[in-house]
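*Asks:* Sequence:
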Amino acid sequence: MIKTPDNENRIVVGISQGDINGISYEVIIKSCLDLRILELFIPVVYGLSKVASFHRKLLNITDFSFNVIHRADQITPKRPNLVNLHDKDVKIDLGESTLLAGELSLLSLNAAIDDLKKGAIDVLVTAPVNKNNVQSATEEPFTGHTEYLASKLGATEQLMLLVSGNLRVGLVTGHIPLEEVTKNITSELILKKLGLMETSLKQDFAIRKPRIAVLGLNPHAGDDGLLGSQEKEIIQPAIEKASNSGMQVYGPYPADGFFANKSYNQFDGVLAMYHDQGLIPFKTLAFENGVNFTAGLPYVRTSPDHGTAYDIAGKDKASPDSMRAAIYLACDIFNNRQMWKEINANPLAIGKMEKES
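For the sequence shown, this note's numbering gives the first residue as 1, with consecutive numbering after it.
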């Protein structure tokens, strides 16, 4: 955190630039236009000042600029900041996937991760990247931000959690081909993801006794074994073990009816079995303001739930709502974790309050 001139602490929000040929800079700049945000947090973009200027001019914005710095310790609390990673000229190909864009996405992401680990920034918000051009720029596996950050930040387990208000959808399996989903789903993995979700709902979202719904894998949740055995043999045993350990876990529910009937309103979290089972209904319900949060990391990381949107790059059509929501959620989770640490550092205080209530 950083102290303002009036001696108040502000959360420092690091933002990786994402793909320079997409809408990342557009949504970042639009999210930083209202300087009242500085009363809540200090933005620090990891990127290139020339690229930021290019996108600002495309948007015809004349009354905004970043405070350009070279290191995070040069941050000012009075303006949005940009850590300039280099001053070289860069070719921008709007709407195109290029190797250079992948290289610069990775350069920005790694610089932000380094400062996150050093404590120079408090949270990380990642702008959208193109997985293919990033993978082309590195020998390390890159199937997405979630898995890459878990590796870089030393997390053995992580949970992709999509968030919009009280709707929180987690995934048992993430970025893997659909044909591999069934063989990857085990009772042990479901239990791990349930544990991660419950812990996150408590410490990151300040929900003391979270209720979690688990979706089935097959149509109609297997229809009592007629359409598949995974519900009876894998998912139900995991739910029973979780319940026996004290978690409030229910299911498995047929995914289509669960979302059609708005049953998610009765729960604090929903655990889907695979990527599209969770993301299709989530994005249908919350595309404009949805956020991707990586639970289980030692640091707070969020991102907007949209991609590079090459088709509208440079056209001033991108909504900043999801990016803005990602920034605010990162700050909320950071504050909730601080509160969680304080409460658990003094458990007698909370116990006394419970007895008196």
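Incorrect hints may appear among the rest.
DSSO-like cross-link-like pairs, simulated, lysine-lysine; straight-line CA separation at most 30 Å [to be verified]:
#, residue 1, residue 2
1, K232, K152
2, K341, K232
3, K30, K78
4, K317, K50
5, K91, K50
6, K283, K262
7, K30, K241
8, K118, K202
9, K262, K152
10, K131, K78
11, K317, K341
12, K317, K57
13, K283, K183
14, K192, K202
15, K30, K117
16, K50, K30
17, K30, K341
18, K209, K192
19, K341, K262
20, K315, K88
21, K118, K283
Using C-beta positions, here's what the derived DEER-type ranges look like [as the list claims (entries may be wrong)]:
#, residue 1, residue 2, range
22, K91, N261, 46 to 52 Å
23, E288, R36, 18 to 24 Å
24, L35, E103, 30 to 36 Å
25, K88, H220, 55 to 61 Å
26, N261, R71, 39 to 45 Å
27, R36, K209, 15 to 21 Å
28, K209, K78, 39 to 45 Å
Derived from the structure by calculation, the hints contain no laboratory data.
Treat the numbers as computed from the prediction; the structure is a model and nothing was measured.
Backbone N, C-alpha and C fix where the C-beta goes; we use that ideal spot for every residue, glycine too.
*Asks:* Take the hints in turn and mark each one as holding or not.
*Replies:* Do the hints match the structure? See the list:
1. Between the alpha carbons of K232 and K152 the distance comes to roughly 37 Å, so the proposed pair goes past 30 Å and is violated.
2. Taking the CA atoms of K341 and K232, the gap is about 38 Å. The hint is violated against a cut of 30 Å.
3. A C-alpha spacing of about 17 Å is found between K30 and K78, which places the hinted pair at or below 30 Å, so the restraint holds.
4. Using a Cα cut-off of 30 Å, the hinted pair K317 and K50 holds, with the two alpha carbons roughly 21 Å apart.
5. With a CA separation close to 10 Å, the supplied pair K91 and K50 stays within the 30 Å bound.
6. Restraint check: the Cα-Cα separation between K283 and K262 comes to about 14 Å, which is no more than 30 Å; the hinted pair holds.
7. Note on K30 and K241: the hinted pairing is violated, with a Cα-Cα distance of about 47 Å set against a maximum of 30 Å.
8. Between K118 and K202, the direct Cα distance comes to roughly 26 Å. Compliance with the 30 Å bound is thereby established for this hinted pair.
9. With a C-alpha separation of about 37 Å, the suggested pair K262 and K152 falls outside the 30 Å cut-off, and the hint is violated.
10. Between K131 and K78 the CA atoms are separated by roughly 34 Å; this puts the pair beyond 30 Å, and the hint is violated.
11. Simply put, K317 and K341 have alpha-carbon atoms about 41 Å apart, too far for the 30 Å limit, and the pair is violated.
12. Taken as a hint, the K317 and K57 pair is honoured in the structure, with Cα atoms around 15 Å apart against an allowance of 30 Å.
13. The straight-line distance between the Cα atoms of K283 and K183 is roughly 26 Å, inside the 30 Å bound, and the hint therefore holds.
14. For the suggested pair K192 and K202, the alpha carbons sit about 16 Å apart, so the restraint of at most 30 Å is met.
15. With a C-alpha separation of about 27 Å, the suggested pairing of K30 with K117 holds against the 30 Å cut-off.
16. Annotation: proposed proximity of K50 to K30 holds, straight-line Cα distance about 17 Å (limit 30 Å).
17. About 34 Å separates the Cα atoms of K30 and K341, which puts this hinted pair outside 30 Å; it is violated.
18. With a C-alpha separation of about 18 Å, the suggested pair K209 and K192 falls inside the 30 Å cut-off, and the hint holds.
19. Between K341 and K262 the alpha-carbon distance is near 34 Å, which puts this suggested pair outside the 30 Å criterion.
20. For the given pair, K315 sits about 25 Å from K88 by alpha-carbon distance, which is consistent with the 30 Å threshold.
21. Taking the CA atoms of K118 and K283, the gap is near 34 Å; set against the 30 Å cutoff, the hint is violated.
22. Distance hint check: the CB atoms of K91 and N261 are about 51 Å apart, consistent with the given range 46 to 52 Å.
23. The hinted window of 18 to 24 Å between E288 and R36 holds, with their beta carbons roughly 21 Å apart.
24. At roughly 32 Å, the beta carbons of L35 and E103 sit within the given window of 30 to 36 Å.
25. A C-beta distance of roughly 57 Å is found between K88 and H220, which places it inside the suggested range of 55 to 61 Å.
26. The hinted window of 39 to 45 Å between N261 and R71 is violated, with their beta carbons roughly 52 Å apart.
27. In this structure the hint that R36 and K209 lie 15 to 21 Å apart at CB is violated, the actual value being about 35 Å.
28. In this structure, K209 and K78 meet the distance hint of 39 to 45 Å, their C-beta atoms being roughly 42 Å apart.
The structure fails to meet hints 1, 2, 7, 9, 10, 11, 17, 19, 21, 26 and 27 from the earlier list, while all remaining hints are met.
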